[in-house]
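Peer 1: First to last, the protein sequences are chains A and B. Heads up: the first sequence begins at 29 in our numbering, then just goes up one per residue. Heads up: the second sequence begins at 29 in our numbering, then just goes up one per residue.
Treat the hints as calculated values from the structure; they're not laboratory data. Hints may contain errors.
Heads up, the list lumps identical chains together, so a pair's fine if it works in one copy or across two of them.
[To be verified] Within a straight-line C-alpha distance of at most 27 Å, the following computed BS3-like cross-link-like pairs (lysine-lysine) qualify:
| # | residue 1 | residue 2 |
| --- | --- | --- |
| 1 | K51 | K120 |
| 2 | K164 | K81 |
| 3 | K51 | K164 |
| 4 | K51 | K153 |
| 5 | K104 | K81 |
| 6 | K81 | K188 |
| 7 | K81 | K185 |
| 8 | K153 | K120 |
| 9 | K185 | K51 |
| 10 | K81 | K51 |
| 11 | K51 | K193 |
| 12 | K193 | K153 |
| 13 | K188 | K51 |
| 14 | K193 | K81 |
| 15 | K81 | K153 |
| 16 | K185 | K104 |
| 17 | K164 | K188 |
This structure is a prediction, so every number in the text was calculated from the model and none was measured.
So you can see what is in the structure, the chains are spelled out below.
Number of protein chains: 2
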Amino acid sequence: MHNAEPLENLADQFARFPGVGRKGAVRMAYEVMSMSNEQAMELARAIQDAKTKLHRCRLCQDYTTSELCPICASQKRDRTVICVVEAPRDIKAIERTHEYNGLYHVLHGLISPMDGIGADQLCVKELLARLDGTVKEVIMATSPTVEGEATAMYLAKLIKPLGIKTTRLAYGLPVGSSLEYADETTLYRAMEGRGEM
Amino acid sequence: MHNAEPLENLADQFARFPGVGRKGAVRMAYEVMSMSNEQAMELARAIQDAKTKLHRCRLCQDYTTSELCPICASQKRDRTVICVVEAPRDIKAIERTHEYNGLYHVLHGLISPMDGIGADQLCVKELLARLDGTVKEVIMATSPTVEGEATAMYLAKLIKPLGIKTTRLAYGLPVGSSLEYADETTLYRAMEGRGEM
Numbered sequence: 029m030h031n032a033e034p035l036e037n038l039a040d041q042f043a044r045f046p047g048v049g050r051k052g053a054v055r056m057a058y059e060v061m062s063m064s065n066e067q068a069m070e071l072a073r074a075i076q077d078a079k080t081k082l083h084r085c086r087l088c089q090d091y092t093t094s095e096l097c098p099i100c101a102s103q104k105r106d107r108t109v110i111c112v113v114e115a116p117r118d119i120k121a122i123e124r125t126h127e128y129n130g131l132y133h134v135l136h137g138l139i140s141p142m143d144g145i146g147a148d149q150l151c152v153k154e155l156l157a158r159l160d161g162t163v164k165e166v167i168m169a170t171s172p173t174v175e176g177e178a179t180a181m182y183l184a185k186l187i188k189p190l191g192i193k194t195t196r197l198a199y200g201l202p203v204g205s206s207l208e209y210a211d212e213t214t215l216y217r218a219m220e221g222r223g224e225m
Numbered sequence: 029m030h031n032a033e034p035l036e037n038l039a040d041q042f043a044r045f046p047g048v049g050r051k052g053a054v055r056m057a058y059e060v061m062s063m064s065n066e067q068a069m070e071l072a073r074a075i076q077d078a079k080t081k082l083h084r085c086r087l088c089q090d091y092t093t094s095e096l097c098p099i100c101a102s103q104k105r106d107r108t109v110i111c112v113v114e115a116p117r118d119i120k121a122i123e124r125t126h127e128y129n130g131l132y133h134v135l136h137g138l139i140s141p142m143d144g145i146g147a148d149q150l151c152v153k154e155l156l157a158r159l160d161g162t163v164k165e166v167i168m169a170t171s172p173t174v175e176g177e178a179t180a181m182y183l184a185k186l187i188k189p190l191g192i193k194t195t196r197l198a199y200g201l202p203v204g205s206s207l208e209y210a211d212e213t214t215l216y217r218a219m220e221g222r223g224e225m
C-alpha cells in the first residue's frame, strides 16, 4: 500500500532487537528518515565499525579492539582471581562498584537446555585453558536465575577438582529495597547468609 | 576502561532514538555484536537504503520510492478530500480503518513555539499549492494535543477563506474505554458532540 519497502525492511531489522516491538521498530525507522543524511550514514557506519573493529579478547573473551582487552593487559589487576560472567555488559556493572580488581571471563551465554544451549556453545574451554596455576579463585557471577545457577554449578564441578577455590556471589536483600516485598526464596537466602554486625 | 570505542559510539547512535534510553542503547549495541556479520551488514544496509531510496511524494510528502506515492497515484482515491496529518505513521493508522478513501497530506511536524517550530518549517505551502479547485474538503487529523490543535486552527484560518470546507476529527470517548476513567475534557467533548441513536 505504501510503496515503501525500504522502510518496511528497516523496521523489520529494528524489530530483531530484544525489547523492540513492532511499533517501536516502525517508530525507529521513521526516526531514521527524519535524520539528516550524515546522521543516518554515521549510524550505519557505527554498526559496520563495531562489527569489523571489535573482536573477542584472547583471554577473557570481552569485546576489544586490540588482542588483549585493557583489563587483561593491565599490570595493576590481580591475576589470581577470575570472575566469570554471562555477558560483557556484566563486566561494566561489576567495574562500576570499584570493588573488584581481578580479571574476568565472559561465557557469552548460559547453559539453557530449553533453548538448546549446552556448555560447548559457551566459552568454557577458553576458561579452563586459563586455569594454569596462577589462578587461585574463580568467582561465579552469573545471574541468580535457573540458567545462571545451572551454569555456575556445572563450572564449579569442573574447576573444584583442579584445587581452585570456587565462589559464588552472595544472595540476599537488594540494598534500598523493602523487606516486605522480598520474595520467600530471597528472604530465606538472606537469613541463611546472615552475618554478624 | 573498555577499549571499545566502536561499541560506545554505536550505543551513542542508538541513544539518539526517541524512547531508547542509555541502558537500552547499550543493550542494542551488544545485540549488534552478537549478530552474525551478515545480519549486522544487512541492518547497516537497510539504514542506508531507506535514506537513499526513499524521498517525499511530490504531492502528499509521504515517503515513497517513486515520484508519487501509491495513494496519490491511485485513480481509485477520492481527489476532492485531503486529510492533513502530522507524520507518515498517521497515514498508516487511518488506512487501517478502511474508512477513508481520499488523499493525504503530511505536515512533517506540528507548530510548537516551545520547540521553536513555526509553520514555515512544516509542509504548509505544499498543502496550499494542492488546493487548486478540485479539493472540496480538508480534514484536520492532527493529534488532540495543544500543538495539534494550534496547527489545525492555524491551517483552518488559511484554508477556510479559500471557500474549502475544513473539518476536524471528532472528540469523544475512546471505544472500549471505561467512562469512569475518561478525563473531564474528553467527557465534556463527548457530551457536546453527542449524536442521536
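Peer 1: All hints are to be evaluated individually against the structure, with a verdict given for each.
Peer 2: Status of each hint after checking the structure:
When the C-alpha separation of K51 and K120 is checked against a cutoff of 27 Å, the pair qualifies only between copies, where the shortest distance is 12 Å, while the shortest distance within a copy is 30 Å. For a Cα distance limit of 27 Å, the shortest separation of K164 from K81 qualifies neither inside one copy, at 33 Å, nor across copies, at 58 Å. Taking identical chains as interchangeable, the C-alpha atoms of K51 and K164 are never at most 27 Å apart, the minima being 50 Å within one chain and 34 Å between chains. For the homomeric pair K51 and K153, neither the shortest alpha-carbon distance inside one copy (41 Å) nor that between copies (30 Å) is at most 27 Å.
In this homomeric assembly, K104 and K81 come within 27 Å of each other (Cα to Cα) only inside a single copy, at 26 Å, whereas the closest approach across copies is 52 Å. Taking the shortest Cα distances, K81 and K188 never come within 27 Å of each other, neither inside one copy (37 Å) nor across copies (59 Å). In this assembly of identical chains, the alpha carbons of K81 and K185 never lie at most 27 Å apart, being 36 Å within a copy and 56 Å across copies at closest. Taking the closest pair of Cα atoms, K153 and K120 come within 27 Å of each other only inside a single copy of the chain (23 Å); across copies the shortest separation is 51 Å, beyond that limit.
Proximity of K185 and K51 under a CA criterion of 27 Å is satisfied in neither setting, with 45 Å inside one chain copy and 34 Å between copies. Proximity of K81 and K51 under a CA criterion of 27 Å is satisfied inter-copy only: 22 Å between copies versus 32 Å inside one chain copy. Taking CA atoms no more than 27 Å apart as the test, K51 paired with K193 passes in neither setting, with 49 Å inside one copy and 34 Å between copies. In this assembly of identical chains, K193 and K153 lie within 27 Å of each other by CA distance solely inside one copy; the values are 18 Å within and 74 Å between copies.
For the homomeric pair K188 and K51, neither the shortest alpha-carbon distance inside one copy (48 Å) nor that between copies (35 Å) is at most 27 Å. In the homo-oligomer, the alpha carbons of K193 and K81 never lie at most 27 Å apart, since the shortest distance is 36 Å inside one protomer and 59 Å across protomers. Taking the shortest Cα distances, K81 and K153 sit within 27 Å of each other inside one copy (25 Å), while across copies they are farther apart (47 Å). When the C-alpha separation of K185 and K104 is checked against a cutoff of 27 Å, the pair qualifies neither within a copy, at 30 Å, nor between copies, at 71 Å.
Within a single copy, K164 and K188 get their C-alpha atoms as close as 11 Å, which meets the 27 Å cut-off; across copies the closest is 82 Å, which misses it.
Checked against the numbered hints listed earlier, the structure breaks hints 2, 3, 4, 6, 7, 9, 11, 13, 14, 16; every other hint is satisfied.
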